[in-house]
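**Student:** Here is how the chains run, residue by residue.
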Amino acid sequence: MIQDKMRIVKELEKIVEPHAVIHKEEELRVYECDGATIFRALPDLVVLPTTPHQVAEIVKICHRDRLYFLPRGAGTGLSGGALASQGGIIIGLNRMTRILDVDIPNQRAVVESGVVNVWLAQKISGDGYYYAPDPASQTACTIGGNVAENAGGVHTPKYGVTTNHVLGLEVVLPNGETVEIGGKVLDPPGYDLVGVFVGSEGTFGIATKVTVRILHKPEAVKTLMGIFHNVEDASNAVSGIVARGIIPACLEMMDNLSIQAVEKYAKAGYPMDAGAVLLVELDGPKAETEALAELVVEVFQDHRVREVRVAKNDEERQLLWKGRKAALAAMGQIRPDCYLQDAVIPRTKLPVILKEIEALSKEYDLPVANVFHAGDGNLHPFILYDGRYEEEIRKAVEVGVRIMHRCIEMGGSITGEHGVGLEKQDFMSLMYTEDDLEAMMKIKCVFNPDQILNPGKIFPTSKSCVEVGQSKRDRIRYEPHRIEKEGLAQFL
Amino acid sequence: MTHIEWINSLEKIVGPEHVLTGPEADTFAVDGKAPQAVVFPSSVEETSSVMAVASEAAVKVIPWGAGSQMALGAIPERVDLVVALKRLNQMVDHEWGDMTATVRGGMRLEDFQQVLGQHQQFLPLDPPFANQATVGGLLATNASGPRRLFYGTARDLLIAISIVHADGTVTKGGAKVVKNVTGYDMNKLYIGALGTLGIIVEATFRVYPRIGCEKTWLAPFSTLDYAEQAIAQIMDSPLVPNALEFLDTEAARRISTKAQIDWPAGQYALAASVGSVAEEAVDAQIEAIDRICRQVGSPGGNRLHGDSHHTFWHETRDITPGKNGAAPSHLRAVLKGGVLISRVAETFRFGEEVAKAEDLDLCMVAEAGSGIVRFYLSGEDQSPQQFVERVASMVERLRSGFVAQGGSLVILQAEAELKRRIDVWGPVKGLGLMQGVKERFDPCNTLNPGRFVGGI
Chain A
0 MIQDKMRIVK ELEKIVEPHA VIHKEEELRV YECDGATIFR ALPDLVVLPT TPHQVAEIVK
60 ICHRDRLYFL PRGAGTGLSG GALASQGGII IGLNRMTRIL DVDIPNQRAV VESGVVNVWL
120 AQKISGDGYY YAPDPASQTA CTIGGNVAEN AGGVHTPKYG VTTNHVLGLE VVLPNGETVE
180 IGGKVLDPPG YDLVGVFVGS EGTFGIATKV TVRILHKPEA VKTLMGIFHN VEDASNAVSG
240 IVARGIIPAC LEMMDNLSIQ AVEKYAKAGY PMDAGAVLLV ELDGPKAETE ALAELVVEVF
300 QDHRVREVRV AKNDEERQLL WKGRKAALAA MGQIRPDCYL QDAVIPRTKL PVILKEIEAL
360 SKEYDLPVAN VFHAGDGNLH PFILYDGRYE EEIRKAVEVG VRIMHRCIEM GGSITGEHGV
420 GLEKQDFMSL MYTEDDLEAM MKIKCVFNPD QILNPGKIFP TSKSCVEVGQ SKRDRIRYEP
480 HRIEKEGLAQ FL
Chain B
0 MTHIEWINSL EKIVGPEHVL TGPEADTFAV DGKAPQAVVF PSSVEETSSV MAVASEAAVK
60 VIPWGAGSQM ALGAIPERVD LVVALKRLNQ MVDHEWGDMT ATVRGGMRLE DFQQVLGQHQ
120 QFLPLDPPFA NQATVGGLLA TNASGPRRLF YGTARDLLIA ISIVHADGTV TKGGAKVVKN
180 VTGYDMNKLY IGALGTLGII VEATFRVYPR IGCEKTWLAP FSTLDYAEQA IAQIMDSPLV
240 PNALEFLDTE AARRISTKAQ IDWPAGQYAL AASVGSVAEE AVDAQIEAID RICRQVGSPG
300 GNRLHGDSHH TFWHETRDIT PGKNGAAPSH LRAVLKGGVL ISRVAETFRF GEEVAKAEDL
360 DLCMVAEAGS GIVRFYLSGE DQSPQQFVER VASMVERLRS GFVAQGGSLV ILQAEAELKR
420 RIDVWGPVKG LGLMQGVKER FDPCNTLNPG RFVGGI
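Chain order of the listed sequences is A and B.
For the first sequence, position 464 (counting from the first letter as 1) is numbered 463 according to numbering that gives the first Met the number 0, and the numbering increases by one without interruption.
For the second sequence, position 294 (counting from the first letter as 1) is numbered 293 according to numbering that gives the first Met the number 0, and the numbering increases by one without interruption.
I should point out that these hints are in silico values taken from the structure, not numbers from a laboratory.
Incorrect hints may have been included.
DSS-like mimics (lysine-lysine), calculated; alpha carbons at most 30 Å apart, straight line [to be verified]:
1) B:LYS171 x A:LYS157
2) A:LYS59 x B:LYS428
3) B:LYS214 x A:LYS216
4) B:LYS355 x A:LYS285
5) B:LYS171 x A:LYS462
6) B:LYS335 x B:LYS355
7) B:LYS355 x A:LYS157
If you want the footprint, here are the derived chain B segments under chain A, 3+ residues with CB under 8 Å [stated by the list, open to error]:
8) 186–197
9) 205–218
10) 260–267
11) 306–313
12) 431–440
Stretches of chain B that chain A covers, calculated by requiring three or more beta carbons in the stretch to come under 8 Å of a beta carbon on chain A [unchecked claim]:
13) 329–339
14) 345–351
15) 381–394
Beta carbons are placed, not taken as given, at the ideal position from N, Cα and C, and that holds for glycine.
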């Protein structure tokens, strides 16, 4: 809690206009959660600057008074990262929306961090260019938020994630200093600070300007859908495509329960009794996509495909995508609430993990629908429950924990694109040793030595930057993990 | 710990036959500074124990892969111990179905490629002297080559890493899956850090399927203007060459001679490599590139495939300074410029002008689609002092021009004399943060002291 809140409000109102400082409880409610709605925390204040200079001025006040603060884009994040979980000030960046520079000959754009992902694509579309990272929330989420979370999307098998497209940043550090790192030119000498900043979940600094790579649109896009009897055949088809040396732009899979949900909701024409659908998108020069499409169809046939649909025009392409895009919204057809997991396994383990998820679903008597980025082994199990019953919430969380645990045992990761935030900090120690986490803390302490910026996120235990790097024998004594305290350790 | 004590400790860890001292260690000198000892650990545990001893004895450590890029970096403050990784060269796994592979830091890239090739896969990193480089070394120097245009660089391909820190602590970052945002992306920190934060002992990469069919279109241009237009038009098109290399007239002459390609004298060269599963798709792109080149004044070029394609790219990557590629080491230097991609041809113009004014022999090779220009300088008829002065002057002029457009100029290769005369790295953005990183990770300044940016 901020002491003497109204004094801070008055100071902030000198930096931004009075209506851009939010301090009444009913108005602050808007900011009490993000896309991970199971977490709630009310900030003390929200301030909405319009320029990078204002951000720096606000941060200087926070630094002077050692107030907790954090940045927030559109609040579409799915791990609770944009919540003031320990109170403090949220600096909302969604009024910083200028596209500062579109530099077609150099294939770069410079935007303020509050620019919505899809706005950039729209701005450069007329020149024949696009911005590759396309998270599902791209019509709402901001590029600054994408930087914080290292957001993915459906085009990652070929084009990678946000970090592969961010080349420079202007950052306001937690002491109020503004630094520029990276830029339009590749290979700047020195440590890759841009690379470590991307995905730091708003704990290193507030990115105010972002320099991104933009790409020329492909000459042709070819979208194919394979309808399979079961998930095994579809998974094997994925491996077959890869084994042929094809790198699709997208490789998405949905299981039967997902198909049923989206059919009821969106009527995309998927057969209700199909075991799995595989959506493949190829892009590039026309001769290339045509040749590859033939190979993909061959692979489908090698794996007993039931039906192949190939989009002949953009309208048909949209139809094939309709079901996939409606997935999250459609889940309400089955149960009122949904806990969306995000975990990664080596791709060849897909059939195994899906069987295990099915078994868990039976054991807990909760439906679990699977939609995933099959090309990267990035699972998105939708654990469906009814939030009116405490017991169902508990079971949903447990299923999620057990899925994560199995993914790690298979050599995977507990999050592929949603981030750790508040949701998964207790699971960090499943993947990383104390020394691994200590190395991460060291970097954090370089950027954020007082830990006033976005405190209480990512790491399982809090440690001051003075303690970080002390020799092992001086380290703080063992404390039980939160998972352990809550009795979930039995699954670990 | 005395000199004898720490060397004894090292011998206990790796066995006396794997510790070199005296004249044998002199061949591991860095910028003329020879180490007191060279140690060859064969496992991650041994490397960790070696570093624990080194930090306790307060000796300064130089990590060493194959030694092919040791000329990079400023002159080290002190050289006590070289930790050479050539015995840490094991393949850990190749999950070919998942298209990931893990190797130890001392494995040679060429050996790694051979293992990947058994399943028709490869790591799309093609740095200069790829046949010598080790995986750890190329990560530490962030080495890359022409194919970065399509496949990116180490930062796009490395998915997990293990590091032995200055005090011997071993940590890992990332995971053996292609998509992962659990915690900070520690992989990025160590790439291009020149071993100043820790020794890379293990690395996991995302690997790619081998390219089914690959061909190159090699087009001559009589002027920089024409070539500039061709580069701009290819870049501003839906064509996706996996490499787009631009050679000045001298580089074109040397490379075409070595690759036995019939080449007209005095012409610049633009080389576009195209790959695909399907040959007809390759040919379609090659024809489109040829059309663009002709439209802007190229008389038509050569289509390279098979051996001629491979030889051409091999010679392009491994070009060295000197008229015959063999200037004596004190009369040669290699520079790397980072510029805006729209200014590559202009950079050639600038380079020619400055080299002429300084009376240096120059050839230039650019990754045109990435804005990376390499300058190979020699002065075979000059005195060493003259050469140093002229190169230093050239570095200053180029650097100020590149930095003004947001770019950089780094000296990749030079003798110590030149490094004493001029900063290897040039100005760096965010130096204060970088110094903070170094202090946190290597507080006693054990690893590669003084070789990195800003005296790190």
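**Student:** Each hint should be assessed against the structure and marked as holding or not.
**Tutor:** Do the hints match the structure? See the list:
1. B:LYS171 x A:LYS157: Within the cut-off at roughly 26 Å; holds.
2. A:LYS59 x B:LYS428: Within the cut-off at roughly 22 Å; holds.
3. B:LYS214 x A:LYS216: Roughly 23 Å between the alpha carbons, so the hint for LYS214 (chain B) and LYS216 (chain A) holds.
4. B:LYS355 x A:LYS285: 46 Å, violated
5. B:LYS171 x A:LYS462: With a Cα-Cα distance of about 20 Å, the restraint between LYS171 (chain B) and LYS462 (chain A) holds, given a limit of 30 Å.
6. B:LYS335 x B:LYS355: 18 Å, holds
7. B:LYS355 x A:LYS157: 44 Å, violated
8. 186–197: holds (count 7)
9. 205–218: Three-residue rule met by the region 205–218 of chain B, so holds; n is 5.
10. 260–267: It is violated, with 0 qualifying residues against the three required.
11. 306–313: violated (count 0)
12. 431–440: Coverage by chain A holds here, the residue count being 7 at a Cβ distance below 8 Å.
13. 329–339: holds (count 4)
14. 345–351: violated (count 0)
15. 381–394: Coverage by chain A is violated here, the residue count being 0 at a Cβ distance below 8 Å.
Checked against the numbered hints listed earlier, the structure breaks hints 4, 7, 10, 11, 14 and 15; every other hint is satisfied.
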